[in-house]
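A.B. asks: Kindly produce the complete structure, drawing on both the sequences and the hints.
Numbering follows my numbering, in which position 350 of the first sequence is assigned residue number 1357; successive positions increment by one, without gaps.
No wet-lab data here; the hints were simulated from the structure.
Glycine residues also receive a C-beta, built at the ideal position from the N, C-alpha and C atoms.
One or more hints might be untrue.
[What the hints assert, rightly or not] Pairs of lysine-lysine residues, derived as DSSO-like cross-links and limited to a Cα-Cα distance of at most 27 Å, are as follows: (1) Lys1042 x Lys1265; (2) Lys1052 x Lys1122; (3) Lys1039 x Lys1120.
[Claimed, not checked] Cβ-Cβ distance ranges computed for the label pairs, FRET-style: (4) Val1398 x Pro1425: 15 to 25 Å; (5) Lys1122 x Lys1261: 14 to 24 Å; (6) Lys1274 x Gln1057: 29 to 39 Å; (7) Val1398 x Arg1427: 19 to 29 Å; (8) Lys1252 x Glu1426: 39 to 49 Å.
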Amino acid sequence: MVRVRFAPSPTGFLHIGGGRTALFNWLYAQSKQGKFILRIEDTDKLRSKQEYVDEILFSLKWLGFNWDEVYYQSQRFELYREYADKLLQQGKAYIEKNPEGKEAVIFKVPQQKIKVNDLIRGSIEFDSSILKDQVLIKSDGTATYNFACVVDDATMNITHIIRGDDHISNTPKQILLYDALGFKLPEFAHLPLIMGMEGGRLSKRTGATAISDYRKMGYLAGALVNYLLLLSWSPGDNREVIDAKEAIKLFDIKNVNKTSATFDLKKLDWMNNQYLKKEDPLKLTEEIIPLLAEKKYIDKDNFDKDYLVSIVHLFQGRLTTINDFPDWADFFFLPEIKMDPLAKEKHLAKDLSKEFALFTEKLEGLEKFDLVSIEEAFRGMVKDLGIEAKVLIHPVRVALTGKTIGPGLFEVIYYLGPERVKERLGLWIKKE
RNA sequence: GUCCCCAUCGUCUAGCCUGGUCUAGGACAAGAGCUUUUCAAGCUCUCGACACCGGUUCAAAUCCGGUUGGGGACACCA
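C.D. replies: Structure representation (structure tokens):
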């Protein structure tokens, strides 16, 4: 039975890199019908915070990575102490007193060559002579990272350790501890790191680093996961858009790249748009409702949901993030539209009173106010006027929406409804 | 400084293991154009890479060595 774990330390928000590590662990567990275990590494009492634990759990769920078991290292101190005592008794560790007289347990590093067979990188060799003796239990009584990690991974029966590249140099230290404690060695797989656009690790200077930041920016969890998946893995057949469910079937840890990847927001944007296009309008609407409520564009306890779903559907294919929606679709919610001055200058500088009045008249004369009738009325009118459709389409769009871009004009007219259309066109009709 | 990892278009990658099918394929970005309804949507096209040197071989992006470059790790942090 495959058992993998994701072991974040709650000293900050869940990072993009952490999210990616969680993804590959989760994927591996799913593909092998194994267990995905979550372990909160909160041995650093000073830096660990409950709010970070909460945020990490929330983000993990948001990404869709559900865990089978969860452990907290802070509740396992006695276990680490027990194993440290064992090493002490066997003479594999010794006690050292610090200046204040407090005792720490130190591991005596044996001299030997250490060979790791990494599932992604192949064989890696180390010589333990480069290693200093390792602290196991700090003088405050808590376990160090490498020690707690080994004791936990072994006692939790973790079979595969999938983690970031930055842990490669911890691996020989840990292997020595596995040997000393008589534990069976797990398999190791080290994922390449994600880099920022300017080289070096992804950092706040390069852009947002927390998973929750991307949620707040309006990215869909599925799109983020898909994007992260493409960083160092490929489903083959020139495929790019692939959801987690399907990736489970195709995933093989051996096909994970060795090269570090640069995080490219532009491609994430594109990916998000791909997901937005195919997302169920109702589900999308549920995500958008809070954004509109926040801007007071709707009263979240009293609004026409079916109508909103239609509006969302109108826009979803052109959005980059869901956060774009309130700004792009504001004219459907505001009693008075926000006019883009450049749009006004370009399309409404000329007096179109006659044309707007005529179109208003045509619309009022319609038997049925539906898409087909609206378009027919408009097309018929421009034909009678002997002008090109686009000469009038753009000014009407600007008058109705305040923008030069948006969904098709006839859809806009249809969903705006006859009253609002008449009112907004009326503003541009000069009285004699 | 020491140790370790990595190296295909600007970016993500396919190909590399099992050398010839690669004048290196796809995607994002960028640029150009089309779409007699806009574009941040769609379609078409263009630009653009095997880091370098040497070796092995009839043949190297693919195998080997080195150089250079990038990254990571060297805490009583995790």
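A.B. asks: Hint by hint, note whether the structure agrees.
C.D. replies: Taking the hints in turn, this is what the structure says about them:
no., hint, verdict
1, Lys1042 x Lys1265, "holds, 25 Å"
2, Lys1052 x Lys1122, "violated, 34 Å"
3, Lys1039 x Lys1120, "violated, 32 Å"
4, Val1398 x Pro1425: 15 to 25 Å, "holds, 23 Å"
5, Lys1122 x Lys1261: 14 to 24 Å, "holds, 19 Å"
6, Lys1274 x Gln1057: 29 to 39 Å, "holds, 35 Å"
7, Val1398 x Arg1427: 19 to 29 Å, "holds, 23 Å"
8, Lys1252 x Glu1426: 39 to 49 Å, "holds, 46 Å"
Checked against the numbered hints above, the structure violates hints 2 and 3; every other hint is satisfied.
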